[in-house]
Amino acid sequence: MAHALTADEAKAIASGESEARIAALNKAVATADEKTSAFIQAMSDDAVKFTADKVFVIKDDKAFDPVTGAEQKLPDDAEDVVNNNMMRGALDAAQAALKLTSKDDAVRAEAAQALFKEPDESRLPLVEKALAAEANPKIKAQLELVRAASMLSSTDKDKRLAAASDLGASRSPETKLLLNQRLADETEADVKAAIAASIRSIDGSLVWGDRINAIFSGISLGSVLLLAALGLAITYGLMGVINMAHGELMMIGAYATYVMQGIFQRYFPESAFGWYLVAAIPVAFLASALVGAVLERGVIRFLYGRPLETLLATWGISLMLQQLVRSLFGAQNVGVENPSWMSGGLTMLSNVVLPWNRICIIIFAGLVLLAMGWLIGRTRLGLFVRGVTQNRPIASCMGVNTARIDTYAFALGSGIAGLAGCALSQIGNVGPDLGQSYIVDSFMVVVMGGVGQLAGTVYAAMGLGILNKFIEGWAGAVLAKIAVLVFIIIFIQKRPQGIFAMKGRSAEA
Amino acid sequence: MSKAAVLPSKGPLLSGKGWTVFFVALIAVCALAPVLNIMVPAGSALHMSDYAVALVGKIMCYAICALAMDLIWGYTGILSLGHGMFFALGGYMMGMYLMRQIGRDGNYKSDLPDFMVFLDWKTLPWHWTFSDSFIATLVLIVAVPGLIAFVFGFFAFRSRIKGVYFSIITQAMTFAAMLLFFRNETGFGGNNGFTDFKRILGIPIQTQEMRMTLFALTGLTLLGFFLFSKWLIGSKFGRVLQAIRDAETRVMFSGYNPLGYKLTIWVISAIMCGVAGALYVPQVGIINPGEMSAANSIEIAIWAAVGGRATLIGPIIGAFIVNGAKSWLTVAYPEYWLYFLGALFIAVTLFLPDGIVGLVRKWMARAKAPSEGRREARRSMAVEQGVEPAAVAPTPPPLAGVEPKGARA
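From first to last, the protein sequence lines stand for chains S and G.
For the first sequence, the numbering used here gives the first residue as 2, with consecutive numbering after it.
For the second sequence, the numbering used here gives the first residue as 99, with consecutive numbering after it.
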């Protein structure tokens, strides 16, 4: 079946009208040999020139004949081949078609994916052949889709009908696009009906996919907000300290993760690299907790009971920390890689892929929440913290060293911010202004959840996350953010004390 | 030894009135700067360079903001982190007018501002309707920040949001506005904002005379707002504001409804910022959503705090000192500016709760209060002259009544 590339074929592919060239290309691919593939490769590398009657492949500044491979002298009037986007698409598809015979499963799967996006009836025999030889069921299914997609523009009405109903089973957004394109060109009524039916069935399954996607990304955003807000729930919620440098404590956690990555890259064998993140968790916690403790001892301690002053002073601290990080690590973002066990995702439906790093963060947020609940509710330190926040003089009378408890509590809140930063380094950019983007959000969560209420913080974080993502679905990211901020402002009008208000009477709110 | 029981004593550097006169004079000098710039030849020592005039003009705009912040924070105890938004809104209103004044001289030679041509818009959006009228622009500069402040303040004060809650909500409001203005669809030039202004009222904006006019106008506005604030704070209204700051609950129990007072001062403060923004834009030549960032709003607070809250001269001094330091440091040592600003925030809150003015007052009070030895001397002199020592009246605690109580905030 394979026959050698001829000089005429090469010329037809290299010069002339784009559509004629594509037709020639597709014809050549159906019967390709090694020379054809080498020529197509050269075409897509822009290494082909042509004159009125001959084509040359340029390699290391020398011209070769594509058919015989012999070196030739390049005439002065040789022109460069110009490939427009349409031609490039066709070249890519042609290369993919040639890769279908590769021995590597991954290469074949990729080739099938690529072909699906650029279906053409002329490649049908090639696809059929690959399909017959294919053993891997996943690639086989993909190839069947390619076959159906290729048949969709067939001149044979029965083939189109069969293709339309076959494609309905694929349930992916790409298929829908393909069917919609065909629907616009289709003239036969029953084929149209079949295509429409397929589109409907795809839509039906896509809707669920979209919903799951929105809910998942909502929960994911919620868990990020929760991590950011949990530390604040202690420092602001329990202690009443407005810490505007909270975001910068997160940033320190993220940079601690970056430093751990560097240490593992440098001093540990490559196989251990995946563990750097595990090692980074305690380091991030301790780094931020230490900075937090220093801040509490050095500055915040003197400002208890003066919230507005605390706000200004901690804002100053945040400016200094940002500049410090800029001086140490540079103003650019630094790269933090996912360990290999966190890259990739869990494919649930054709259009639902849940990335592992997000899943890990959701689990991590849950664990941090549990640990914090246990620490505050079940341990001696937690008892002291609650005691001091509820009634400082009495706690002091009972022999609690309240100043030390303040430092511990603040360090704990800061450490949790460090954990949040460690988690954020896995899904976003790590840079000096990492903290700034979360500070408003995390205060909103704490304020909305109700001061001093862990459960409220959880509900507020999840609620805001999901609400944000759902509005984002139909209004875009920026408007969603604005809508959520407006919502919070209105919400606080109605319930100034948050979702869960503390019970009690007081004239001073 | 003389017979008269008079020891040479140090008087106050300036009385309360003296300070006012001093500042009126200072601001008048600022208004005179253009004369020094234009009339005095460039070689002379009295000549003010264009750079210095531009800098002082800019800082005077900031000083208006600081004064506005002082009214709401220093005197009423409400810390707003949203004043940057009102400043930017005033600036944007002015910017819209200036953009229309470019006319067909833009890059695209169109009646529409360049960025609209770039976005392929065919007509002006609705909110640009009045942008070609200078009078309407002047009204909008006052009305837009005022109205937004009124609506926001009404809901916030009605549900008795105060303290840190209010600060954080105003910050969220500014943040939302910034996101909104960053969008191209909002029709305010997106990321790039407005720039490349050509003329104002048909007069080219880059000429020396126009710049001096704007400068003088800014100086006079600052002076006007300063005198207005002085009158306002001295009035009964101002007393109630300070009472609200010190004990809002007691004010309520005394039969006052703080809502109207807080709302009024909040709107006045927002309008002042809007006017400052409108004066700032033609002098600086650009306005973009970056002006609405949280950092800018909070910086206004630090100007007021550095100078001294609950004093009217403090914020103006603070704006000049901080911004003067900023323009010098960001050029000389760009990396250290944020350290300096950060340290300033901490130092002022920890060591200077009453700002520079508070510090100066303390020094003066110390100088005025006779030392123990001096008192002893006076007493012994009195005894010598046969006067009862008790008649030598102890000096009253200096300036006790003026001590700002806002520190509690």
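None of these hints come from the bench; they were simulated from the model.
None of the values given here were measured: they were computed from a predicted structure.
Be aware that a few hints might be false.
[Stated by the list, open to error] Calculated pairs, BS3-like style, for lysine-lysine (alpha carbon to alpha carbon, straight line, at most 25 angstroms): (1) 36/S <-> 130/S; (2) 495/S <-> 260/G; (3) 424/G <-> 482/S; (4) 100/S <-> 118/S; (5) 55/S <-> 118/S; (6) 36/S <-> 100/S.
[Stated by the list, open to error] Stretch by stretch, here's where chain S covers chain G in the computed footprint (C-beta under 8 angstroms, at least three residues): (7) 262-270; (8) 277-285.
Built from N, CA and C at the ideal position, the CB exists for glycine as well.
To see whether the hints hold, each was checked on the structure:
A C-alpha spacing of about 20 angstroms is found between residue 36/S and residue 130/S, which places the hinted pair at or below 25 angstroms, so the restraint holds. The hinted pair formed by residue 495/S and residue 260/G meets the criterion: a straight-line CA distance of about 14 angstroms does not exceed 25 angstroms. For a cut-off of 25 angstroms, the pair hint linking residue 424/G to residue 482/S is broken: about 33 angstroms separates their Cα positions. The suggested pairing of residue 100/S with residue 118/S holds, with an alpha-carbon distance near 15 angstroms, which does not exceed 25 angstroms.
A hinted pair counts as satisfied when its Cα atoms are at most 25 angstroms apart, and residue 55/S with residue 118/S does not qualify at roughly 32 angstroms. A threshold of 25 angstroms between alpha carbons decides the hint, and for residue 36/S with residue 100/S the separation of about 14 angstroms falls inside it, so the pair holds. Counting residues of the region 262-270 of chain G whose beta carbon lies closer than 8 angstroms to any beta carbon of chain S gives 7, which reaches the threshold of three, so the coverage claim holds. Coverage of the region 277-285 of chain G by chain S holds in this model, with 4 residues showing a Cβ closer than 8 angstroms to a Cβ of that chain against a need of three.
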